[in-house]
Each structure stands twice: as C-alpha cells, then as structure tokens.
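Protein chains in written order, with my numbering: chain L, 1 to 285; chain Z, 1 to 378.
These are computed hints drawn from the structure, not numbers from a lab. Be a bit skeptical, because a hint or two may be false.
What the hints assert, rightly or not - With a cut-off of at most 27 Å between alpha-carbon atoms, the simulated DSS-like pairs for lysine-lysine come out as follows: (1) L:239 / L:194; (2) L:83 / Z:14; (3) Z:364 / L:239; (4) Z:364 / L:162; (5) L:239 / Z:356.
Stated by the list, open to error - Which bits of chain Z does chain L cover? Going by a derived footprint, with three or more residues having C-beta under 8 Å, they are: (6) 10-16; (7) 80-92; (8) 196-202; (9) 338-346; (10) 357-364.
Idealized CB from N, CA, C, for every residue including glycine.
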Amino acid sequence: MMNTAYNFAFFDEGSKREIRRATLKAIAIPGYQVPFASREMPIGRGWGTGGLQLTLALIGKKDVLKVIDQGSDESVNAVSIKKLVSDTTGVQLTESASEATIIQSRHRIPEVPLKKEQILVLQVPLPEPLRYFEPSEHETKKLHAEKEYSGAWLMLFEQIMKYGSMTTGADHPVMVHDRYVMAPSPIPRFDNHKMDENEALILLGAGREKKVYAVPPFTKIVSLDFEDYPFEGESFEGKCCRLCGSEGVFLDELIDEGTGETYYQCNDTGYCYEVLNKAEKAGVN
Amino acid sequence: MGYVAVKGGTHAIKESVKRLKYERLQKQQVLETEKIEAGMRGLIDQVMSESSLYNEPLAALAIKQAEGNPEEAIFLLRAYRSTLPRKHCSQIIESEQMKVERRISASFKDIPGGQILGATTDYTHRLLDFGLMKETEELIREWLTEYEAENRLNEEKLDAPDILLPKVLDYLRKEGLIPLRENNDTEPDDVTRESLEFPSNRSQRLQILTRGQTGAVTSLAYAVIRGYGALHPTVGELRVGNLPVYVGHPNEVGSEEDDYYIGDVKATEAEMLMPFMAEKENGRKELEFEIGYGLCFGQNETKAIAMAILDNCLEHPDNSFPSHNEEFVLYHIDSVESTGFISHLKMPHYVTFQSKLDRVRKTKNSEEETAERQEVRR
Numbered sequence: 001m002m003n004t005a006y007n008f009a010f011f012d013e014g015s016k017r018e019i020r021r022a023t024l025k026a027i028a029i030p031g032y033q034v035p036f037a038s039r040e041m042p043i044g045r046g047w048g049t050g051g052l053q054l055t056l057a058l059i060g061k062k063d064v065l066k067v068i069d070q071g072s073d074e075s076v077n078a079v080s081i082k083k084l085v086s087d088t089t090g091v092q093l094t095e096s097a098s099e100a101t102i103i104q105s106r107h108r109i110p111e112v113p114l115k116k117e118q119i120l121v122l123q124v125p126l127p128e129p130l131r132y133f134e135p136s137e138h139e140t141k142k143l144h145a146e147k148e149y150s151g152a153w154l155m156l157f158e159q160i161m162k163y164g165s166m167t168t169g170a171d172h173p174v175m176v177h178d179r180y181v182m183a184p185s186p187i188p189r190f191d192n193h194k195m196d197e198n199e200a201l202i203l204l205g206a207g208r209e210k211k212v213y214a215v216p217p218f219t220k221i222v223s224l225d226f227e228d229y230p231f232e233g234e235s236f237e238g239k240c241c242r243l244c245g246s247e248g249v250f251l252d253e254l255i256d257e258g259t260g261e262t263y264y265q266c267n268d269t270g271y272c273y274e275v276l277n278k279a280e281k282a283g284v285n
Numbered sequence: 001m002g003y004v005a006v007k008g009g010t011h012a013i014k015e016s017v018k019r020l021k022y023e024r025l026q027k028q029q030v031l032e033t034e035k036i037e038a039g040m041r042g043l044i045d046q047v048m049s050e051s052s053l054y055n056e057p058l059a060a061l062a063i064k065q066a067e068g069n070p071e072e073a074i075f076l077l078r079a080y081r082s083t084l085p086r087k088h089c090s091q092i093i094e095s096e097q098m099k100v101e102r103r104i105s106a107s108f109k110d111i112p113g114g115q116i117l118g119a120t121t122d123y124t125h126r127l128l129d130f131g132l133m134k135e136t137e138e139l140i141r142e143w144l145t146e147y148e149a150e151n152r153l154n155e156e157k158l159d160a161p162d163i164l165l166p167k168v169l170d171y172l173r174k175e176g177l178i179p180l181r182e183n184n185d186t187e188p189d190d191v192t193r194e195s196l197e198f199p200s201n202r203s204q205r206l207q208i209l210t211r212g213q214t215g216a217v218t219s220l221a222y223a224v225i226r227g228y229g230a231l232h233p234t235v236g237e238l239r240v241g242n243l244p245v246y247v248g249h250p251n252e253v254g255s256e257e258d259d260y261y262i263g264d265v266k267a268t269e270a271e272m273l274m275p276f277m278a279e280k281e282n283g284r285k286e287l288e289f290e291i292g293y294g295l296c297f298g299q300n301e302t303k304a305i306a307m308a309i310l311d312n313c314l315e316h317p318d319n320s321f322p323s324h325n326e327e328f329v330l331y332h333i334d335s336v337e338s339t340g341f342i343s344h345l346k347m348p349h350y351v352t353f354q355s356k357l358d359r360v361r362k363t364k365n366s367e368e369e370t371a372e373r374q375e376v377r378r
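Isolated chain Z, as found in the complex (with noise of 0.2 Å):
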C-alpha cells in the first residue's frame, strides 16, 4: 500500500539520485558546458531570462545539471540566485544605446537607419537540415572563415562597427501620434525584495513579466489578441543587441564620467503600437496610439512581444478579460512557481487526504439515514 512506502525515506531518495545520476550518463558522453554554451543559444536566452539572472556559463551548467530541462534549470538559478547578496542598482540604461544587430519595424517600411533583419530563424524553411548530423570541426572552420572573410569586406564599405539607432517610436512621437510621457527614473521596485502587493505598480509588473515563463507569457497574450482581451497590436519595433551595463561609485556621488562599466547583457526589446480610443475636450474622440513595452534578457522575440501586450493590457484593467487582471496574469506566469505547485502534488497528502476521506463517509452516512428516516416514513 502507498501509504506506507513513503518511510524509509532516506534510502530511497540516496538510490533515487543516483538512478538520476545513472540516466545522465549512461551513454558515456561528457557534455561540456562549454558546447552548450556555443551551440544553445535559444535554450540559454529562454534560461537567462526565467531565471532572471545574466550569466552565459552558469546557465549552460544549470542545463547541463537538468539534463536541458529548462524548467528545472530555471530553478537551479533561481535558489543560487537568492543566495547572492543585491549590492549595486545599475545606472539607467536608455535602449538607444543599444548595439543593434536586428532591428525590424511591422509599422513602417522606411526607418529612419533601415531594417536590420541579423540572425533570425523567421525566415528559413523549418526542414531537419540532416547534413547538421553530420557536421564537423574542419567543416565549421572553413565556413567560418569563408564568412568572416566575406564579412570584414562588407564592414570596411559600411564603416560602421557598432550601429547605434534612433527609434522608430520617436518619429511617431514628433508627429504627435503618441502622447508625450516624462520618463520616471525612480528606482524600481524589486519584486525578488519586497514581495508584491496589489495594486502592483509598472515596475513590478514589468519586473514579474520578464521574468515570466516563456510558454505561459506567449499564451496569455496570445489568448488577448486572439479574442479574450481587447487589444490589436502592431510592432512598432523589435530590437535585438547588446545594453552597456554601468554601476555608480558604491560611496560616491560622481559624475557619468566616474561610472564604472561592469559588461553587456543581450537584450530583446518589443515596443508595440496599440490604435486607442482618447477623449478629448467636449467629448470629441480622437484616435491614438499607445504602446506596450517588452524587455528581456538574450533573444526572445516572442516572448518580448507577448510581454509588450499583457504590459499594455494590465495597464487598462478590465475585469471582463483575465488577460487584463493583473493578480490573474501576475500570480500565473512565473515558471518556478506554477511547476512547483503543480509538482507538490505528487507529495503524500495522506493526512488531508485521511480528513477528507472522514469528511466523505459522515455524509454519506447521514445521507443514508437521511434515506433510511425517509423510507420509514413511507
């Protein structure tokens, strides 16, 4: 019986590791983090960004250790993650510092600095390339340098090393398009600190969706544009590129010039342009634009853009759309916590279950006296 196969705990959990252990390696290959870290690319951005925690190596260690898990990798940086003192708050960064390397507008064909489409999958033909099985370190090498070769020629006509671009958004923002906005600098809050109450204010919100699952970040704004929320949007722009990182001095207030610049983190930013309703004065309607923002670690088009619209629906709560209930979509996303409690399941419940099972059997019992009192009474 189940109950009691729980105990003896202690040995089945050391034989469980190590079967663990044993389906890791049982096809005698080492996997280098290294070559994780060169060749999984997409699973290291999707890690990076869930775990919220920006480091290429620990990363490729983390899916070495889950087996590419990603779910369980996540969660191995997140409880390294909090045992990591928070000692520093970045400078502010500004997304035209950006070293684009893919740029691409869905609004306007014509950007100021042109589309960039870089390095992205949505145009290849998704067949099994089968040569890859065969692929090797000489092959590699030769195309490399064919391509670096082909490359240096191009970069010698354009002049141009690091692409720093203005935003589309801007333009539209001359126009008068989109209302104007002061930037609000304040410190954000940290959710990962302080835990969130309700209402929650942007910085949380932008904080829990970029730290969302992938998956479940992708469906709730999917589920928006399909029909359960109220929002159309346009890419207004998706960039992809390098942010420069800078920390103040710890003690000193000094100029920008005394910052201390600590690295790049790769970044997918969506700025997404929703058509909205604005009334003006004397009831007269005009039609704007808003936009929704979208910002997370490595390349994670998707998933950026889906963080653009449930950032914009939660701005304009509405109880009629899920979608648009920030403690509904802020509660849900984030991966350690869903698989978690979804997990837990598999505990032994066998106390409450014991409860319930009381509970069930005195009103079935006073169901059948009810029955019997009744059938007497006939």
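So here's chain L without its partners, still in its complex pose (with noise of 0.2 Å):
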C-alpha cells in the first residue's frame, strides 16, 4: 500500500526538480562534485540519504528498483531504504539485476554487467577522495579546480614506504575521464574496473556532505597507481562460492560455527540466486 500522507517519491515537485537538476551538472562534468541540498530523509544522515534522495528524484511509476546493501538484497538497511520508496511510490521491486531499472547499492557494482538503460545509485559517505590529507572543503575545491592531485599520488606513495603496498581497503581513488580524481564510495577494489567504460549510468550521492557526481556511460576510469605498483583488487584466488560454486566474484568469508572451518560464499547474493536457479532449471540436482 502507497502512503498517501506523503507526495509521491516523498518529496515536494520542487525539491526533486533541483536534485535533477545538480544531477545533469554532474553527468555533464563527469567525476566533478556538485553541491546539493541535500534534505533530511525519513532514514539517518550516513544511511543512504544521498543514493536515496537520488532515487526518489528519479523514479517513475514505471521503473523497477533493486536494493542492495553491501551485496545483499535482505540486509537490513536495504530493506528499509526499499519500503520508503516503495511506501511512497509503489513501483515494482526485484532483486534481479538485470530487471531492475534503478539499482541503488551500498558498497558493491553488482556481478552481472549493467546494460545502458539501466542507473546504478551508489550511496557515498565520503565523496571527497582528497579529504584524507586535506580537512578542509575550500582548499580541496581548490585542488580539484587546479588538477593538483599531488597529494593524492603521494598518498598511496606513503603507504607503499610504509607497508610495502598500497592499503587503501575500500574506496581506492580513481581518476576520471583524465580530469577528476574521484572518491568511487567505498566498493572493493575487485568493483573498481567495472566502473571503467560501463554501459550503465552511475550517479554518486552524498546526503550528508550534499554532494551528487557522477560516471556517465562509456567513461574511461583508471585507479590511482604506479608502474611497478599496480593496482590490485581484493584477491579470492583459488576460492569459490559453497553455494554456488562461482569463482571470480567478490565472496563473503564466513566461519562455519560446527567446525570453525572458513568457508566463502557470494556476497551479491542475487546473483548467487540466479546462478543457484538457473543450475537447478539445467537439471543439474
């Protein structure tokens, strides 16, 4: 059932004509963060409020949403961001990737590639890919306007003097189109190429640093590293799925409680559904 105490997509007309609106500046200058708005949501500044205010901005009664939350469709706060658009819209909902017309994602590109129709919202804490050695928003807007990405470079330099590799975990910088380098929200390493000349449209949002930006399709996105350094993703090397048994996907690293064993299996897990639907269709049991 919609509620109908509200406007549909929560919001007033006015307030999602203006997130539109910072939304095509930022598919114009792609990786550039635009500032925005942002409104208080019905759900906590930090949880999803900038994919959010994305999504509700851009929906239509005929578009198809998946949620997923670092991977999954059920976790709990992909849940709750799923019931207020649904609350306030009554679109259709799934969990397949590749029916959905909007995917809004905490922390993880989906395993099956995105098509061109499609927009991935991903949900960003900390836009700012430069805030880790600059606190201030007035000198990183400078540095960004100037190229200077020095800063950056030197950065995973430390690391690399320190530890003997880069360290970023998730959320390692990317440079954009050869003009911004730009914070891709903390997905693993392992989804950083999926960025890079996607078909989909990918739109940042920040809620509560009020920052929308944006990957439009066929943008060229290389991640920070050197020559003898390269960048790596997450290694799942001669690991796969106990469920499904794919190999090459990010994977969940679980324990199982019986024996203490380590075992792994697919953290998107609609495409672990899928796998597991389409084997038992081929007859395999």
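Could you fit the two chains together into a complex? Lean on the hints.
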C-alpha cells in the first residue's frame, strides 16, 4: 500500500527538480562533485540518504527498483530503503540486477554487467577523495579546480613506503576521464574496474556531505597506481562460493559455527540465487 | 557469525519495530500530546529550535513518537520539513518588536525599561520538588486562580499589556562605543535549499548556528571562553518573547499595511559584547565593542548566548583555534548530521572490512617475507 500522506516519491516537486538539475550537471562534468541542498530524509544521515534522494528524484511509476546493501538484497538497511521507496511510490521491486531499471547500492557494483538503460545509484559516505590529507573543503575545491593531485599520489606512495603495498581498503581513488580524481564510494577494489567504460549511468550521492557526482556511460575510469606497484583488487584466488560454486566474484568470508572452518559465499546474493536457479532449471540436481 | 545474521532483514525489521512500539506502550499509559505540549516546554523549544520548524503540536507529536529522545524527535521533524514546499519569505522582523517576557543585561544595572526577570530557572535552587509527584489538577487550578488574580492587580497598576522595549545596545551606539553599521536587509541565503560553500556568508552561518545541536553549540562556545579561543564576552542584552511574523502579498507589491500577519514565534535573542582593539589612523589603537548575535526559537538561553559567541568567532577566522574555523564549526554542530553519521557505524560494513582484511593480511605477509629474508641473510 502506498502511503498517501506524503507526495509521490516523498519530496515536493520543487525539491525533485532541484536534485535532478544537480544530477544533470554532474553527468555533464564526469567526476566533479556538484553541491546540492541535501534534504533531511526519514532515514539516518549516513545511512544512504544521498543515494535515496537521487533514487526518489529519478524514479517514475514504471521503474523497477533493486536495492542492495553490501551486496545483499535482504540486508536490514536495504530492506528499510526499499520499503520507504515502495511505500511512497508503489513501484515494482526486484532482486534481479538485470530486471531493475534503477539499482541503489551501498558499497558494491553487481556481478552481472550493467546495461545501457540502467542507472546504478551508489551511496557515498565521504565523497572527497582528498579529504584524507586536506580537511578543508575550501582547499580541496581549489585542488580539484587546479587538477593538483600530487597529494593523492603521495598518500599512495607513503603507504607503499610504510607497508610495502597500497593499503587503501575500499574506496580506492580513481581518475575520471583524465580529469577529476574521484572517490568511487567504498566499493571494494575488486569492483573498481567495473566502472570503466560501463554501459550504464552511475550516479553517486552523498547526503550528509551534500554532493552529487556521476560516471556517465562509457567513461574512462582508471584506479590510481604506479607502474611498478600496479593497482590490485582483493584476491579470492582458489576460492569459490560454497552455495553456487562461482569463482571470480567477490566473496564473503564466513566461519562454520560447527567446525570452525572458514568458507566462502557470494557477496552478491541476487547473483548467487540466479546462478543457483539456472543450475536447477538445467537439471543439475 | 554476525555476517549471516544481517540477512533475513525484512522479518527482523518488522519484529524490531513491533518491539519498539511495545517498549513505548508496555506501562499501559497513553501520553497525550497535549500534555507534552503543556508540560515539556523546555524540550519542545529545544526540538523546534534544532529542527528549525516552529510548530508546537508537531514537536509534541515528534517527542511522543521518539519517546522523549531529542535526537530522534528532531530527526522526525527535519524529515517532515523536507516534504514541505517553501512558499514565502517573511518580511523583515525587527527585534525591537518583540513582546518581551524576559529581558536582562549583564552589562548595565539600569537599562532603559529595566531588567525583567520573567520566567527563569536561574535563581531556583535545584532541589528536587517531591511535591510534584503528588500534584493534582485540583491543586493546579487553585494555584492558577490565585496567581491570575494577583497578576490582574499588577497589570492594572502597570497598564502595560505588551511590553516593547528599546535595545540596550542602542545606548552604546549613541555613545559611539559600538561602531555603527548599516542594516543588511538582503534576503538571506537558505542553507536548506542551497548547500553551503566556503567562504560562507553571515546569513548562512547564523542559520546553521541556530539549527545547531544545543549541546554541540554550547560545548564549542564553552571551549572558546575557557581558553581555546580569544574571547571574553559579556551579555549586552538577553531577551525572550514573541516576535510577530508578517508576509507580503504573494503577487502584489504593496505597502506594509497590506502585509499578512501569520502569527508569533517565541524566540530568545542574545546580543553579546566583546571588547576589541580597533586600529585607528596613525596606528593608534582604541578599545571598542563588537557584537556577537544569537537568536533561536523558543526559550533557549544557553544556546542563544553560545551561538552569539560562535557568531563572533567566525567573524574573525583564526586557524589556531578550531572554534574560529568556519568549516570546523559549521560542519559539525548539526544534530541530524552528526548523530546520523555516528550511528551509521552500526550498519554492516563487511565488504569494506573484507577489503581492509585483505590489505592487513597482505602487509602482514610481506612483513613476514621481509623478516625471513633478513634471517636468511644473517
């Protein structure tokens, strides 16, 4: 049931228009962080309000929505966001990455390659890739304007000097179309390459920090690295999903409570179910 | 293992929401919003101020729904506020128009119009009044009749229903102790409609300060006067009372008389005086006063004073004190933002954590390799 005490997609129309305008600007300048008047949402600041505002500003009655949180459709926060959007719009929900027209995600890009009519909305906690070494917004804005990114390289260089390799976990900075250094949101390094020359539109929204930015289709995305220390994703070599047997996907590391053994399972649960269903249809069992 | 537990979320959330409702209701008492509105003036005022939405019944509802947790109540109102279109900008309100209920100055004993203590806890002894546990409606009525009779007598003597008072600071301006400034009557920027960029302007700063979390604003201002700042302020004037709000005709440009009165807002206004060494011609220095300005919804005196202190700090950027740094102050005092980001740490972070784990293992391995190599060399 739709909650009719609120407008379609929660916002008043003026707010939606304003967010769309910021989004269009973001698409026009790939990787550039466009400030927007982020609204307070019914879910916590820092819990995906940037992504949620993008989704609500874009969604129409015919859209099919998928929401994932850390790869999972059933994670509590994904469920909560899905419920809010569906309560205020009544749109169709799905767990299939290929059926969705809008996918809102926290910290993962689905394993199934995205298609050109899809929009991936990523939730961003800290949009500023230079914040680590420059706390002031006024200063980082200047650094971006002047394409002064030596600090970002130096940060990686120092990691190599100290630890022998780059130690960025998720959110490894990328260069967008040879112009802006961008925080890809805390997707694992494993997912960074999926942004490069992607067919779908990728939008990134940071609600608390009040920024929107975008990777339009077929944009060149390069993870920052050095010739002698190339960028590398998380390694799951020799490991596969215990449920569907997939290899070469991002895996969750789990511990069997009974035996105390470590085992692995697809992090992208939607993908895992699809593989399992296909196998069943093909009559594997 | 915690990783798996976050799946099956739909059912878990449903049960959790039910449990939350149970916690609110288990003592089998209906807390009427009218009662909250009547008896929790302090909390209502704080919630309206931090959510920047002036509406007592809605604040009472938010407090009820949030079980009295201000952080949650403000969150509810802010989210509600996001759905409201902005239709008007009010006419300029001159705070001389305040119908004063309370007004004090710490700078002068005899101020034109006099000091009016009004309703304040300042001089109450903070002793628990156990009598309140046995308060009855009958007792209240009795007390009220008595109080009102007494008051009527006083009012007849004074013959002053609405008190409009001159500003204390005007007295200092006349003497030339505070530099005269032109009023800046341009329409203020709205930080909820256009996001803040730096350097900020004063209307943006004042808005963010007045929406700030009471505790955060107070703490930062406290740090300033205690030593992490360069200010020694005095309360020039602190007033509490109602301000009338007017809006102009939406389509026609009319005279003041055509404005529509849409109601009063209760507010606290603080004008703080800060001594300041002004440079005059020929390098001569002269001690003058500067002003810090605080205004917030409801009776929130500590917050209004703290806001005024921070307003003045931000007028004088100084990187040796974080409290004089606009990004530091303005980015970190908002209740919804700070509590939101702190609480988001409770969300599952297992993908990001897996990434970090991968790096920790990698650096550990390379450390071991290096150690082995060194051993071989030895």
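Hint by hint, here is what the structure shows:
Simply put, residue 239 (chain L) and residue 194 (chain L) have alpha-carbon atoms about 21 Å apart, close enough for the 27 Å limit, and the pair holds. For the given pair, residue 83 (chain L) sits about 11 Å from residue 14 (chain Z) by alpha-carbon distance, which is consistent with the 27 Å threshold. At most 27 Å may separate the alpha-carbon atoms for a hinted pair to count; residue 364 (chain Z) and residue 239 (chain L) meet this at roughly 20 Å. Under the criterion of a C-alpha separation no larger than 27 Å, the hint pairing residue 364 (chain Z) with residue 162 (chain L) is consistent with the structure, at around 12 Å.
Between residue 239 (chain L) and residue 356 (chain Z) the CA atoms are separated by roughly 18 Å; this keeps the pair inside 27 Å, and the hint holds. Coverage of the stretch 10-16 of chain Z by chain L holds. Counting CB-CB distances below 8 Å, 3 residues qualify, and the rule asks for three or more. Counting residues of the stretch 80-92 of chain Z whose CB lies closer than 8 Å to any CB of chain L gives 6, which reaches the minimum of 3, so the coverage claim holds. Residue count for the stretch 196-202 of chain Z with a Cβ under 8 Å from a Cβ of chain L: 4. That meets the three needed, and the coverage hint holds.
Coverage of the stretch 338-346 of chain Z by chain L holds in this model, with 6 residues showing a Cβ closer than 8 Å to a Cβ of that chain against a need of three. With a threshold of 8 Å between beta carbons, the proposed coverage of the stretch 357-364 of chain Z by chain L holds, since 5 of its residues qualify and at least three are required.
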